[in-house]
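Make the full structure from the sequences, and use the hints.
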Amino acid sequence: MKDIDVNEVESISILKDASATAVYGVKGANGVILITTKRGAIGKPVLSVSATTTSKFVSKVLSKLDAYDTYLIKNAAIEREVAINEASWGDYTPLPIVQRYRNQQNLRYPEAYPNVDWLEETIKDYTFDTRANINVSGGTEFAKYFSSLAYNNQSDIFKIMDNGRGYKPGMGFDKFNFRTNLDLNLTKTTLLKFNLAGIYSRKRSPQADLGYTLLAYYQLPPNAFLPRYEDGRWGKSNNIDMRMANSAAMMANYGYSTTTSTNLTTDIGLSQKLDFITKGLSFNASLSFDNSFGSTSALVDNSSYPTKYIDPAIEDILEGEDPNKYITIGPISGSNQFTWVETPWGVNDESPGSVARRLYYQAQLNYAREFGKHDVTATGVFTREQRATGNEFQRFREDWVARATYNYDNRYLAEFNGAYNGSEKFGPAYRFAFFPSGAVGWTVSNENFMKEITWLDRLKLRYSYGLIGDDSGLSQRWLYETQWKYGGKMPFSAVGAGRSPYTIYRESVLGNPDIHWEKARKSNLGLDLTVFKNFLSANVEYFTEDRTDILLLGSQRILPPYFGSDAPTANVGRVKKNGYEVELRFNKQLGAWHFWLNTSITHAVDKIIDKEEPQLLDSHLKDEGYQIAQNRSVISFGYLNTWDDIYASTALSSNDGQRLPGDYGLLDFNGDGVLDGTKDAAPYGYSTRPQNNYNMSLGADYKGFSGMLQFYGVNNVTRNIMISNFVSNLDVAYDHTLDYWSKENPNASSFLPRWKTSASTAQYYLYDGSYLRLKTAELAYTFSGNNLKKLGLSSLKIFLNGNDLIFWSKLPDDREYGTEKYGGYPNTYRVNLGFDLKF
Amino acid sequence: MRNIVNKIKYVFLILAGSFLFGGCEEYLDQAPEAAIDPNDAYISFINFQGFTEDLYNCIVDVARCTPPTDYNFGDDTRMNVSFLLGYQFDQGNYWAWMNGSSSYFRLMPSTPAWPLLNPSEPNGRSTWWNSWYGIRKANLGLANIDKLVNATQEEKDLIKGQLYFFRAYFHFTLMRDWGGLPYIDKLLAAGDEMRYPRLNYQETALKADEDFAKAAELLPVNWDDTQAGQRTLGNNRQRISKIMALAFQGKNLLYAASPLMNQESTGDANYNVELSKKAAIVFANVIDLSNSTGMFQLQPWETYSDIFYTDKSEKIVPGGTEVIMNAPAYNRLRGGNTTGLPNCGFLPQVSNPTANYLKYWGMSNGLPIDDPNSGYDPNNPWDNRDPRFYKMIVVDGDQVCNSNAAGYDQYFQSYTGGRHRNQANNVTGYMSKKLWGLTQNKFDNVLTGGRYFYLIPIIRLSDVYLMYAEAVVNGYGTPQSSVPGNITAVQAVNTIRNRATVPDLDSKYTATKEAFMEQLIIERAVELSFENLRWNDLRRWLRNGDPRYLDKTELLFDRDPVTQKAINFQERLIVRRTVTERNNWLPFPLDYVSIYPEFKQNPGW
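Protein sequences, first through last, are from chains A and L. For the first sequence, the working numbering assigns the number 1 to the initial residue and increments by one for each residue that follows. For the second sequence, the working numbering assigns the number 1001 to the initial residue and increments by one for each residue that follows.
Worth flagging that the hints you see were computed from the coordinates, not collected in a lab. Among the hints, a few may not be true.
Restricting the straight-line Cα-Cα distance to at most 25 Å, the calculated cross-link-like pairs of lysine to any residue (SDA-like) are [unchecked claim]:
id: 1; chain 1: L; residue 1: K1156; chain 2: L; residue 2: E1217
id: 2; chain 1: L; residue 1: K1186; chain 2: A; residue 2: L510
id: 3; chain 1: L; residue 1: K1186; chain 2: A; residue 2: D566
id: 4; chain 1: A; residue 1: K489; chain 2: L; residue 2: K1147
id: 5; chain 1: A; residue 1: K325; chain 2: L; residue 2: L1142
id: 6; chain 1: A; residue 1: K611; chain 2: L; residue 2: E1193
id: 7; chain 1: A; residue 1: K159; chain 2: A; residue 2: S271
id: 8; chain 1: L; residue 1: K1600; chain 2: A; residue 2: A681
id: 9; chain 1: A; residue 1: K611; chain 2: L; residue 2: M1194
id: 10; chain 1: A; residue 1: K489; chain 2: L; residue 2: D1224
id: 11; chain 1: A; residue 1: K485; chain 2: L; residue 2: L1142
id: 12; chain 1: A; residue 1: K679; chain 2: L; residue 2: E1217
id: 13; chain 1: A; residue 1: K679; chain 2: L; residue 2: K1147
id: 14; chain 1: A; residue 1: K607; chain 2: L; residue 2: D1591
id: 15; chain 1: L; residue 1: K1600; chain 2: A; residue 2: P614
id: 16; chain 1: A; residue 1: K489; chain 2: L; residue 2: G1234
id: 17; chain 1: A; residue 1: K193; chain 2: A; residue 2: L510
Some chain L residues near chain A, calculated using beta-carbon distances under 7 Å [said to hold, decoys possible]:
id: 18; residue: L1028
id: 19; residue: I1043
id: 20; residue: E1053
id: 21; residue: D1054
id: 22; residue: Y1056
id: 23; residue: Q1091
id: 24; residue: N1093
id: 25; residue: P1182
id: 26; residue: I1184
id: 27; residue: L1188
id: 28; residue: A1189
id: 29; residue: P1197
id: 30; residue: N1235
id: 31; residue: P1328
id: 32; residue: L1590
id: 33; residue: I1595
Note that the Cβ used here is the ideal one computed from N, Cα and C, for glycine as well.
Written as structure tokens, this is what we have:
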């Protein structure tokens, strides 16, 4: 969805209740987002050209302390823990040395005492993207067309140094989108639609693992080494921990790879009115064929690059000592010691989905007829889909859906759907299942007794209830049969001929022939209201869902360990969900000004009812009864400030001798007299998914000017961001530790991290994940009128807008979901400047 | 109105008709080429042996589970790095076995949890998962053994023998660390009622004993002498054989007889005489068979290191002449802990031998260092020691790399203030070179050549001799006892000492059972040092919490600037291990002991 060009899109609508999504079969089980692309209209051809240039900046980032501050906190941590771990004293750094990291007194100091801001070194302050689009649409009685071509160039925010090896690694992304939508009226009753669209993209990136660069940005210590020394050698530590990799060197020196991806989608649709059989009958058929292909080529540079490491002790050497003892020069070794190799283009079979194909066909019979005040429609749909990525066996899907609607005088409405869906993921007895749904509605405002009430434009009540099947939770196939794997040989002697001639057979997955469709029972009660001549419209909905027979993979089920394998997949889960959604839209015209405000709030809470958990566990340890992905933690009630506090508190189950004043006092949640990290972990805060989503956009137009702001926020969410101070005993600490606990500062906001010993951080890193974002702000001016017509233009709009401009939150940084452990690609905010003109 | 109703009927008829086509099932059928017939694995010897060889994949090479792996948890090694398993065990935190970092037991391997198909990828190694998987697989094979019709009796026996061995071996691997278990001797289906109670240790061990005995009966001494083994002539050393099965049968019985297990099963904290005798008889059989067939022999002293590593050729698997069982050869370069060398070695985090442990190496005259006549000089602690000291331990000043390119790292400097005496490299003053030779480092470039390869023995002949001695003295009563027709306990110990050119035990140590046991314990500490045995031994002797074995110490000394000799020796405590009664067994993960009450958690956890 992210690859679709915005200029091709006519409208986007969202279908949520069971009745509306029934036609889409199983794929609609979690709702449907319907994107409709533009089609031509009868009239003169309209040519539209637009272009935008964007500058990107990194959003809120995790603040690492510099070397000086890190050493001071490390020293404080060591002083505290020396009582229980004498060995930590060996890592204490005397204050005069610490000061050298900040007061770089001579030219050698920056090399011996590096104090590197890795964010500065690896990430650019800003970078530019460009987008351009040209499209034309028009039509005659016979044919209507819409055609669009777009170009998008993105550059990346990583800095890549020059490696002096004869090639430039570089990073960049170029993409072309094109689309042509044709509507041909073959006869008065036959309409042929033809859509052809494609995406071609080309990406260039360094061969080095992007993960290493991000790790540097988050966890590489500031005092590790310089990215590059004066003599051109790259920094490299003797410590081979993965966080100590010199990402600047890795990005620059390992060559690059270029990947292209081509996507082609075609849709052919035929609509034929069958009024000659019976009035109101029509037939649609459609066929889609999509194909993706990717290829890749690379410049492979595996030869080593010159490295250097300077031990800070070099500045304090004794008389007559050889300084080279403290400088480690990395040897150049490797197979291609001074050259790199360009590999030819080949199929890109590494990225999943880069090579894929899909065939989809559908036949639909529609009936729509009015009989006086009775308005009846009926539809029958048959769909099949087969697709495959790479060289896997094709995946199949088949759906049969029937739908009938009845409308009396636009006041009383009723719908009924029946879907018969088939999935290849289940065994022969369970492949197809029947899922009915229905809805009723009452447009109250059309009633006679409501005609008096002039301030009420529209009032409609609706209710839908249905059963939907879902198999999307199961990504593996053929789980209804036990599967075997064949391959590999034991190495009984060291190499080659000594390898065993017997090829291994093993059960790889245990099958369950009874696996069947997950079932979701959804109900949705809604109210639509418009008042005061469109001044205010409101939609209010209340929804519930009861999902049963949820498939749990073997690895998620708990069987006694002596079963000897993951259990087979089974339909043993159950989750209930309910929530409400309120949407308000205000609209006011005051003279030449027009104001509008749209706001919505969604609240949704789920609860796990059944999950096949070990029954003897305490209820606070079970997932049942709580939200999916509920955060859990051992809970602290404050600091233990003195030794008296420690002796008076509950003992730890393990490592009780490791406690020190300044540790958190922990709650013995299960009351057994012992603090155990596993047994006393209780649900804390919320789940990682927000319960509430808020959205507000507001804007005003005046003559040609228009402006708008959009805010987006969430709350009732907790995120566990693992900020690892002194991870792997490296000198890296983060700014939350600046206000650390000490005897003099017992009300500190942060604990004092441990150096070589460990202590529980309780719920400290469970952050309140609520945030409010200024998602979009735009100022635009549309020229119109005669001046424009003289230039041949029908309209010209120029705009300045920004995305994700401001981020208000208690979170330590602005990072994507799912990147809590090591960190992910940093979020950016953008400022765009562009124009849009129509001929 | 009728028209309307008719039309509506008509419409619904059409719709209903579409359902008649309902479910073209074949469209959604699985592609036929996707399936492997489950019976394929059993139809011929070649296939069934392929099925069985997956079980070798489950034997855990404790040194190669996850770099770095820590595998010595007694009083023998120490490194001050908190994620090493030994460090956590020193604090009494046995829960740490479940973590991925440095634990070969581990519950959290990389996904998927169960052993990987690819034998060259050792990261899936975990005794917990591998053993349960292996038990199931052995039962699966035995349940389907009758499908093997197209094979000779010899071939059927080979398969059955291997399956029985593995079923018992994996139960042993689990019970040794976690205690008594349900003994699973049939294939379980997911729908079965699974409420098997945990048996006590001896019950479980006796069931395993039956399987080991069956295996020993069915298996040959040497696969090279069988018809089926001709296909793999010369590469059969690591396949399960009679002597391997007997050696484990004995070890299993000796463990069941040991004080901890005996106390758990019968309440008596001494050796179980019955089981000790049984063990002794089995070990005697192993020694006899090894001698008569020449299959295994004690490694000669000159080539002692062949037991552990080889750097001659990439085609040789280490083991020498005496290793009865070691794990099949995986990625040669991976792993390494406990016995690496600073900067020269493969990984910086290595566990160092502790000073307290090195006191077990006696003097070259055969006396322990605390004997008044030993001649031990605390100011020259490294002079005139047991020859094994010089083969196994690296002391200050020793050369550790052949190549000059190592520069300042070519010689070990562990004096106070020395280049290698710091928290990152060495905290006790000693290193071990039992598993590493002089050329195993990044400067001599032998690692990348693929010639160097080390494997920790799982069981070797020296261990059998010492276990024999232990079983005899506790089963038959005195150090001079023996299994009728075989060597005495004292002779067994002396054989091992003599091989290392150490004189026989002095008579004052062979006079009583107690004195002899103390020396036997010391002999095991020395001969089998750093081979993942000490912690198991201490536990089973109920000595894990014994104050004699709690302190881990370092040796501090200076280097005389003139003579370059080590002077001013001082022993200092690094850590006192936290050991309480519950630290005799590992805890089960919380989920598994919460399913039904008969599967109980180990006491204290």
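Now the hints, each set against the structure:
1. Between the alpha carbons of K1156/L and E1217/L the distance comes to roughly 13 Å, so the proposed pair stays at or under 25 Å and holds.
2. For a cut-off of 25 Å, the pair hint linking K1186/L to L510/A stands: about 17 Å separates their Cα positions.
3. For the suggested pair K1186/L and D566/A, the alpha carbons sit about 17 Å apart, so the restraint of at most 25 Å is met.
4. For the suggested pair K489/A and K1147/L, the alpha carbons sit about 23 Å apart, so the restraint of at most 25 Å is met.
5. Proposed proximity of K325/A and L1142/L is contradicted: the alpha carbons are some 63 Å apart, above 25 Å.
6. This hinted pair checks out: K611/A and E1193/L have alpha carbons roughly 19 Å apart, not beyond 25 Å.
7. A C-alpha spacing of about 54 Å is found between K159/A and S271/A, which places the hinted pair above 25 Å, so the restraint is violated.
8. Restraint check: the Cα-Cα separation between K1600/L and A681/A comes to about 21 Å, which is no more than 25 Å; the hinted pair holds.
9. For the suggested pair K611/A and M1194/L, the alpha carbons sit about 18 Å apart, so the restraint of at most 25 Å is met.
10. Proposed proximity of K489/A and D1224/L is supported: the alpha carbons are some 19 Å apart, at most 25 Å.
11. Under the criterion of a C-alpha separation no larger than 25 Å, the hint pairing K485/A with L1142/L is consistent with the structure, at around 19 Å.
12. Using a Cα cut-off of 25 Å, the hinted pair K679/A and E1217/L is violated, with the two alpha carbons roughly 47 Å apart.
13. With a C-alpha separation of about 48 Å, the suggested pairing of K679/A with K1147/L is violated against the 25 Å cut-off.
14. Distance restraint check for K607/A and D1591/L: the Cα-Cα separation of roughly 21 Å lies within the 25 Å cut-off, and the hinted pair is therefore satisfied.
15. Simply put, K1600/L and P614/A have alpha-carbon atoms about 13 Å apart, close enough for the 25 Å limit, and the pair holds.
16. A distance of roughly 17 Å separates the Cα atoms of K489/A and G1234/L; the hinted pair therefore holds under the 25 Å criterion.
17. With a C-alpha separation of about 47 Å, the suggested pairing of K193/A with L510/A is violated against the 25 Å cut-off.
18. Checking L1028/L against chain A: minimum C-beta separation of about 4 Å stays under 7 Å; hint holds.
19. Nearest Cβ of chain A to the Cβ of I1043/L: about 11 Å, over the 7 Å cut. The hint is violated.
20. With a least beta-carbon distance of about 5 Å to chain A, the hint placing E1053/L at the interface is held under the 7 Å criterion.
21. Hint status for D1054/L relative to chain A: holds, with the closest Cβ pair at about 5 Å, below 7 Å.
22. Satisfaction of the interface hint for Y1056/L is found here, the shortest Cβ-Cβ separation to chain A being roughly 5 Å, below the 7 Å cut-off.
23. A distance limit of 7 Å between C-beta atoms decides the matter here; for Q1091/L the minimum to chain A is near 5 Å, and the interface restraint holds.
24. For N1093/L, the suggested interface contact is upheld, since its CB lies about 4 Å from the closest CB of chain A, less than 7 Å.
25. Annotation: interface hint on P1182/L holds; nearest CB of chain A at approximately 6 Å, less than 7 Å.
26. At its closest, the beta carbon of I1184/L sits 5 Å from a beta carbon of chain A; the interface hint therefore holds under the 7 Å criterion.
27. At a threshold of 7 Å, the smallest CB-CB gap from L1188/L to chain A is about 5 Å, leaving the interface hint in force.
28. Annotation: A1189/L was flagged as interfacial toward chain A, and the flag is violated, the nearest CB pair being 9 Å apart, outside 7 Å.
29. Interface restraint check for P1197/L: the shortest CB-CB distance to chain A comes to about 11 Å, outside 7 Å, so the restraint is violated.
30. The criterion of a C-beta within 7 Å of any C-beta in chain A is met by N1235/L, whose closest approach is roughly 5 Å, and the hint holds.
31. The beta carbon of P1328/L comes within 5 Å of a beta carbon in chain A, closer than 7 Å, and the hint placing it at the interface holds.
32. The criterion of a C-beta within 7 Å of any C-beta in chain A is met by L1590/L, whose closest approach is roughly 5 Å, and the hint holds.
33. Evaluation of the I1595/L hint against chain A yields a held restraint, the C-beta minimum of about 5 Å falling below 7 Å.
The structure does not agree with the numbered hints 5, 7, 12, 13, 17, 19, 28, 29 stated previously, though it agrees with the rest.
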